[in-house]
Amino acid sequence: MIAGRPALLGIALSVLAAGPLAAQGLRTGPGAGGQPIEISADQGIEWHRETLRYIARGNASAKQGDTTVNGDTLIAYYRSQPAGGTEIFRYEVQGNVRIVNPSQTAVGDKGVYDIDSGVLVMTGRALKLTTPTDVITARDSLEYWEQKLIAVARGAAVAVNQDRRMTGDILTSHFVEGRTPPAPPPPSRANTRAQPAATARGGRPGTPPPAAADAPGGQRMQRVEGFGNVHVSTATDIVRADRGVYNADTSIAMMSGNVRITRGQNQLNGDFAEVNLNTGISRLLTSTDSGGDKRVRGLFVPQKADASSNTPPAPRREVR
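In terms of our numbering, the sequence shown opens at residue 1 and continues consecutively.
Hint data in this document are derived by calculation from the structure and do not stem from the laboratory.
The beta carbon of each residue, even a glycine, is placed where N, CA and C say it ideally should be.
Please note: incorrect hints may appear among the correct ones.
[Said to hold, decoys possible] 25 Å max Cα-Cα, derived DSS-like pairs, lysine-lysine:
#	residue 1	residue 2
1	Lys-63	Lys-128
2	Lys-63	Lys-110
3	Lys-148	Lys-128
4	Lys-110	Lys-148
5	Lys-63	Lys-148
6	Lys-128	Lys-110
[What the hints assert, rightly or not] So the derived label-pair ranges between C-beta atoms look like this:
#	residue 1	residue 2	range
7	Val-121	His-174	45 to 55 Å
8	Leu-285	Ala-156	20 to 30 Å
9	Thr-250	Arg-49	53 to 63 Å
Please construct the entire structure, taking both the sequences and the accompanying hints into account.
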């Protein structure tokens with residue numbers, strides 16, 4: 001039985017929320033310092049007293065502080081407080097979901113936000129989390145853990161930091177409070193000299209990463225961990241592996257497990273790779289613990305001879 005179903009067209013319903021969350025992340029709950037939550041909708045708001053929830057339909061929104069939750073339908077679950085009054089502890093939003101604050105935007109088809117745990121789970125199509133410097137997309141689900149400052153993208157996941165890009169089956173992105181990342185040290189002669197059989201060169205050595213926007217009170221991605229079909233690329237190389245960790249402060253990706261570096265038709269295979277996205281240098285290594293042949297392997301395909309030349313093309317050769 002529904003007790004009360006007012007058609008509050010264009011009228012907002014305000015409820016007071018209070019709770020323990022710190023004022024960071026998406027701040028979609030009582031993390032906004034106990035400010036009132038204003039719920040509004042074009043087609044009205046239903047108050048279900050027996051099930052302790054509000055249902056807002058038609059361009060629905062819940063606004064608290066500088067954060068707004070939007071969707072076609074919004075369900076807000078509340079509970080009574082010992083001292084009196086009520087607090088909202090969970091949102092469920094369906095259809096054209098968009099959660100916005102000054103430093104982050106999350107979009108999807110469906111969103112569930114648990115205020116107590118500070119966990120937002122987005123599902124559906126076109127899942128995306130955007131900050132001033134980073135974009136994370138996923139096919140299956142996108143989670144944001146407000147208290148831990150991490151985002152988990154599942155299924156054809158992509159994380160873009162400035163102009164750096166990592167893909168994988170699952171990507172876990174770790175954020176820090178918005179500060180300009182430290183400037184990378186200048187490359188030394190030791191780390192810019194490539195080894196013939198184990199290093200692929202590319203890009204412009206010594207090129208610093210683009211400057212990051214330092215949004216006050218915002219966050220930036222500091223590290224991305226990838227699992228399954230991990231892929232990073234430089235200007236000349238494509239690096240694939242089972243796992244990878246990208247450090248946005250140093251622009252270095254450490255790759256492991258069935259590593260394959262490809263440049264055109266040339267290919268290098270090994271156990272580990274260090275990919276510097278500033279210099280474009282990819283170093284390939286093997287595991288000292290692995291049994292059998294521990295050598296790095298490379299397959300190099302010489303370029304085809306000029307069509308006007310009578311010299312036949314050189315055969316493919318494998319370097320070990």
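Taking the hints in turn, this is what the structure says about them:
With a CA separation close to 20 Å, the supplied pair Lys-63 and Lys-128 stays within the 25 Å bound. For the suggested pair Lys-63 and Lys-110, the alpha carbons sit about 18 Å apart, so the restraint of at most 25 Å is met. The suggested pairing of Lys-148 with Lys-128 holds, with an alpha-carbon distance near 19 Å, which does not exceed 25 Å. With a C-alpha separation of about 22 Å, the suggested pair Lys-110 and Lys-148 falls inside the 25 Å cut-off, and the hint holds.
Of the supplied pair hints, the one linking Lys-63 and Lys-148 holds, its CA atoms being roughly 23 Å apart against a limit of 25 Å. A hinted pair counts as satisfied when its Cα atoms are at most 25 Å apart, and Lys-128 with Lys-110 qualifies at roughly 12 Å. A hinted range of 45 to 55 Å for the beta carbons of Val-121 and His-174 is inconsistent with their spacing of about 18 Å. Remark: the range hint 20 to 30 Å for Leu-285 to Ala-156 is upheld by a beta-carbon distance near 28 Å.
Distance hint check for Thr-250 and Arg-49: the Cβ-Cβ separation is about 55 Å, which falls inside the suggested range of 53 to 63 Å.
The earlier numbered hint that this structure contradicts is number 7, and it is the only one.
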